[in-house]
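Peer 1: Protein sequences appear in the order of chains A and B.
The C-terminal position of the first sequence is numbered 217 in my numbering, with every residue numbered one higher than the one before it.
The C-terminal position of the second sequence is numbered 217 in my numbering, with every residue numbered one higher than the one before it.
One or more of the hints may lead you astray.
Same chains, same names: a pair is fine if it fits in one copy or spans any two.
To be verified - Distance condition first, Cα-Cα at most 25 angstroms in a straight line; then the derived DSS-like pairs of lysine-lysine:
{"#": "1", "residue 1": "Lys-12", "residue 2": "Lys-121"}
{"#": "2", "residue 1": "Lys-82", "residue 2": "Lys-35"}
{"#": "3", "residue 1": "Lys-106", "residue 2": "Lys-82"}
{"#": "4", "residue 1": "Lys-106", "residue 2": "Lys-35"}
{"#": "5", "residue 1": "Lys-35", "residue 2": "Lys-50"}
{"#": "6", "residue 1": "Lys-121", "residue 2": "Lys-50"}
{"#": "7", "residue 1": "Lys-82", "residue 2": "Lys-121"}
{"#": "8", "residue 1": "Lys-139", "residue 2": "Lys-35"}
{"#": "9", "residue 1": "Lys-139", "residue 2": "Lys-12"}
{"#": "10", "residue 1": "Lys-12", "residue 2": "Lys-44"}
{"#": "11", "residue 1": "Lys-139", "residue 2": "Lys-50"}
{"#": "12", "residue 1": "Lys-44", "residue 2": "Lys-139"}
Hint data in this document are derived by calculation from the structure and do not stem from the laboratory.
2 protein chains.
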Amino acid sequence: MDSQNVPKPTVKRLAMYHRCLESMIRNGRTNVSSKDIADLLGIKSSQVRKDLSYFGEFGKRGVGYSADRLLEGVSQILGMRKNWNFCIVGMGNLGMALANYAGLEKSGFFVRALFDNNPSKIGLPMPGELTIEPVNRLKRLVHEREISIGVIAVPGEVAQEIVDLLIASGVRGIINFAPVRLSIPEGVSIEDIDISVTFRSLAFSMSLDQVRQGKRI
Amino acid sequence: MDSQNVPKPTVKRLAMYHRCLESMIRNGRTNVSSKDIADLLGIKSSQVRKDLSYFGEFGKRGVGYSADRLLEGVSQILGMRKNWNFCIVGMGNLGMALANYAGLEKSGFFVRALFDNNPSKIGLPMPGELTIEPVNRLKRLVHEREISIGVIAVPGEVAQEIVDLLIASGVRGIINFAPVRLSIPEGVSIEDIDISVTFRSLAFSMSLDQVRQGKRI
């Protein structure tokens, strides 16, 4: 496998296939076809086959894939058999929601530190025997707790400053919830989460449904 | 422009162009050609040009389109510049974060009602002159406030029940944060949001970076 040549949209789709396979296996499926996956996700089965073919052959034409084997293969591709430690900066409602989201541990992502500069929050006990720490302890704790991912849940105005601090402290991956475009150096990865994109996509499907039913957009 | 005279296959393709453009812009593109879009979607670039020409000229031959301007134009065509009212069910940390997220209004999505059954939350004042209401008022408020989108921020165990209630009340679009697959009838649209997909996608990029630097995943 030559990971360097894998396009980013393929990576995103592989992550979706992964979730899809997990849920199929939970529902008792042992065999899946590219068409099963494609139908569930609303994409072309030729696209699914193409994405999987980047990494050699998992399945047999006409027979499909062993669901377990495929999940294992996709997981390996995605570097998902290892665990990752992350921290959250900004313990407003969003930071709190993430700190309490159990789904991440199941996927190998462990929250190891929580930061906020609000004096009324510092010291608050949190799940996992964590407490909320002041930002001036970030560098030290990122190092001590081997944290490689930082989640930005602070207001947009301070997001770049926090990202710079995280990266200077050794973090190599950023999940950004702030509604700003952040600049990061080569060798650091970032994922921006913008909820309004999801809302727009939903609104768009709803408009199409109206078109299908012969109403004006 | 009269949306009614646009052939349905064109509308469908415009939908695809819209998604495509959004993702290109997210990835930092500022200029796109009809060929870029065509190649990504596996259709002819002459078709893309023809579809876009229904609505006047967006770009220049040989130069391409400004990605932002084209997205704006396609959005207008698709009726995506209208406003949508939504409600949030489940006022835990996530619901609170969404109720306070200003980015949605900018995109035309207005929160009009907030629901929770926790007695300690009912009646709490919230931004936009809203208060948290008990779920037994949902049907009435969805109707009165012309709410067409419902956000599910409740635990997985009660998510299907809430979705059924929302749809029976007239909602046609669902944004689902609960980590369960929900069943919805024909004519209703849904978008699932699973944060762990984003974490996995990040972890994968980080693993790829290590590969590029010659380390093992």
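Peer 1: Return the numbers of the hints above that this structure violates; sort them in rising order.
Peer 2: 1, 2, 4, 6, 7, 8, 9, 11, 12
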